[in-house]
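Sequences listed follow chains A and B, in order. Just so it is clear: in the first sequence, position 81 is 81 by this note's numbering, and no numbers are missing. Just so it is clear: in the second sequence, position 52 is 52 by this note's numbering, and no numbers are missing.
Note that these hints are calculated values from the structure, not bench results. Check before you lean on any hint, since a few could be wrong.
Heads up, incomplete: computed chain B residues facing chain A, CB under 10 Å, no partners named [said to hold, decoys possible]: (1) Trp7; (2) Gln45; (3) Tyr49; (4) Ser58; (5) Val60; (6) Asp71; (7) Lys80; (8) Ser86; (9) Phe88; (10) Trp94; (11) Phe103.
Covered stretches of chain A, as calculated for chain B (at least 3 residues, CB under 8 Å) [claimed, not checked]: (12) 18–25; (13) 36–46.
Far from chain B, by Cβ distances over 10 Å, these chain A residues were calculated [unchecked claim]: (14) Pro8; (15) His33; (16) Lys53; (17) Arg58; (18) Glu67; (19) Ala76; (20) Ile86; (21) Ala88; (22) Lys109; (23) Pro110.
Ideal placement from N, C-alpha and C gives every residue a C-beta, glycine not left out.
Here's the letter readout for the chains.
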Amino acid sequence: KNEVEQSPQNLTAQEGEFITINCSYSVGISALHWLQQHPGGGIVSLFMLSSGKKKHGRLIATINIQEKHSSLHITASHPRDSAVYICAVYRHISGNMLTFGGGTRLMVKP
Amino acid sequence: SQTIHQWPATLVQPVGSPLSLECTVEGTSNPNLYWYRQAAGRGLQLLFYSVGIGQISSEVPQNLSASRPQDRQFILSSKKLLLSDSGFYLCAWWGPSNYEQYFGPGTRLTVT
Chain A
1 KNEVEQSPQN LTAQEGEFIT INCSYSVGIS ALHWLQQHPG GGIVSLFMLS
51 SGKKKHGRLI ATINIQEKHS SLHITASHPR DSAVYICAVY RHISGNMLTF
101 GGGTRLMVKP
Chain B
1 SQTIHQWPAT LVQPVGSPLS LECTVEGTSN PNLYWYRQAA GRGLQLLFYS
51 VGIGQISSEV PQNLSASRPQ DRQFILSSKK LLLSDSGFYL CAWWGPSNYE
101 QYFGPGTRLT VT
């Protein structure tokens, strides 16, 4: 079993839909990253979370440390949101190294 | 502001040929640097990380090596490429003030 699991692996939505991507982890962590990888391969950091909730534009990320679970929500989805979304954690024992989930491939259709 | 460069952007190399990918960081000093690989259809895998000049740690035994000859330069190398070395290679640095990792644009390597 992977230490960081994401669901779903693939997601297709219609423009305007509310989207949720889930991340569960089985190890102790210091913080959790949500990353976005565009079709060309480039990766950008969306959020870094250690507790609670963060919001940036139409994106919202939450984390529940006790349940070892995080969610990434996209409100009013748009075709330009189509990308792979990756959850990654900083493990307590690994210091500043990330352990990655397998990614969620999102396609938003107009 | 900090910037991370990688080159080349794409590379096609025959099996058995050598490899050298370069990563440089601007706007910071003594960064922690990382090399990741993403094979086709798979997730990111940490290959090497470095906390300083000449200090390299390897996460996965493989056909690759890394070097850090200067504070803001990180090089990924191979003496003889294998088909399985094909993939998307990403360099990243860690911002200790905010726990975030910043990724370079990546190099897409195809071994033929």
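Okay, the hints, checked on the actual structure:
With a least beta-carbon distance of about 14 Å to chain A, the hint placing Trp7 of chain B at the interface is violated under the 10 Å criterion. Annotation: Gln45 of chain B was flagged as interfacial toward chain A, and the flag holds, the nearest CB pair being 8 Å apart, inside 10 Å. Given the 10 Å rule on beta carbons, the hint for Tyr49 of chain B holds: about 6 Å separates it from the nearest Cβ of chain A. Taking 10 Å as the C-beta contact cut-off toward chain A, the hint placing Ser58 of chain B at the interface is violated, the least distance being around 12 Å.
Hint status for Val60 of chain B relative to chain A: violated, with the closest Cβ pair at about 12 Å, above 10 Å. Because the smallest distance between the Cβ of Asp71 of chain B and any Cβ of chain A comes to about 17 Å, over 10 Å, the interface hint for this residue is violated. With its C-beta approaching chain A no nearer than about 25 Å, Lys80 of chain B sits outside the 10 Å limit, and its interface hint is violated. Annotation: Ser86 of chain B was flagged as interfacial toward chain A, and the flag is violated, the nearest CB pair being 13 Å apart, outside 10 Å.
Evaluation of the Phe88 of chain B hint against chain A yields a held restraint, the C-beta minimum of about 5 Å falling below 10 Å. Hint on Trp94 of chain B holds. Least Cβ distance to chain A is approximately 5 Å, under the 10 Å limit. The restraint placing Phe103 of chain B at the interface with chain A holds, with a minimum CB-CB distance near 4 Å, inside the 10 Å limit. Counting residues of the segment 18–25 of chain A whose C-beta lies closer than 8 Å to any C-beta of chain B gives 0; at least three are required, and the coverage claim is violated.
With 5 residues having a beta carbon nearer than 8 Å to a beta carbon of chain B, the segment 36–46 of chain A meets the requirement of three or more and the stated coverage holds. Separation of Pro8 of chain A from chain B is adequate, the least Cβ-Cβ distance of about 15 Å exceeding the 10 Å criterion. Separation of His33 of chain A from chain B is inadequate, the least Cβ-Cβ distance of about 7 Å not exceeding the 10 Å criterion. Residue-level check passed: Lys53 of chain A sits 17 Å from the nearest beta carbon of chain B, beyond 10 Å.
Every beta carbon of chain B lies more than 10 Å from that of Arg58 of chain A, the smallest distance being close to 20 Å; the non-interface claim holds. With a least beta-carbon separation of about 21 Å from chain B, Glu67 of chain A lies farther than 10 Å from that chain, consistent with its non-interface assignment. With a minimum CB-CB distance of about 26 Å to chain B, Ala76 of chain A clears the 10 Å threshold, and the non-interface call stands. The non-interface label for Ile86 of chain A is inconsistent with chain B: the shortest C-beta to C-beta separation is roughly 7 Å, within 10 Å.
A cut-off of 10 Å between C-beta atoms contradicts the statement that Ala88 of chain A is not in contact with chain B; the least separation is 8 Å. Taking the minimum C-beta to C-beta distance to chain B, about 22 Å, the non-interface status of Lys109 of chain A holds against the 10 Å cut. Annotated as non-interface, Pro110 of chain A keeps its C-beta farther than 10 Å from every C-beta of chain B; the closest such distance is 26 Å.
Hints 1, 4, 5, 6, 7, 8, 12, 15, 20, 21 from the list above are not met by this structure, while the remaining hints are.
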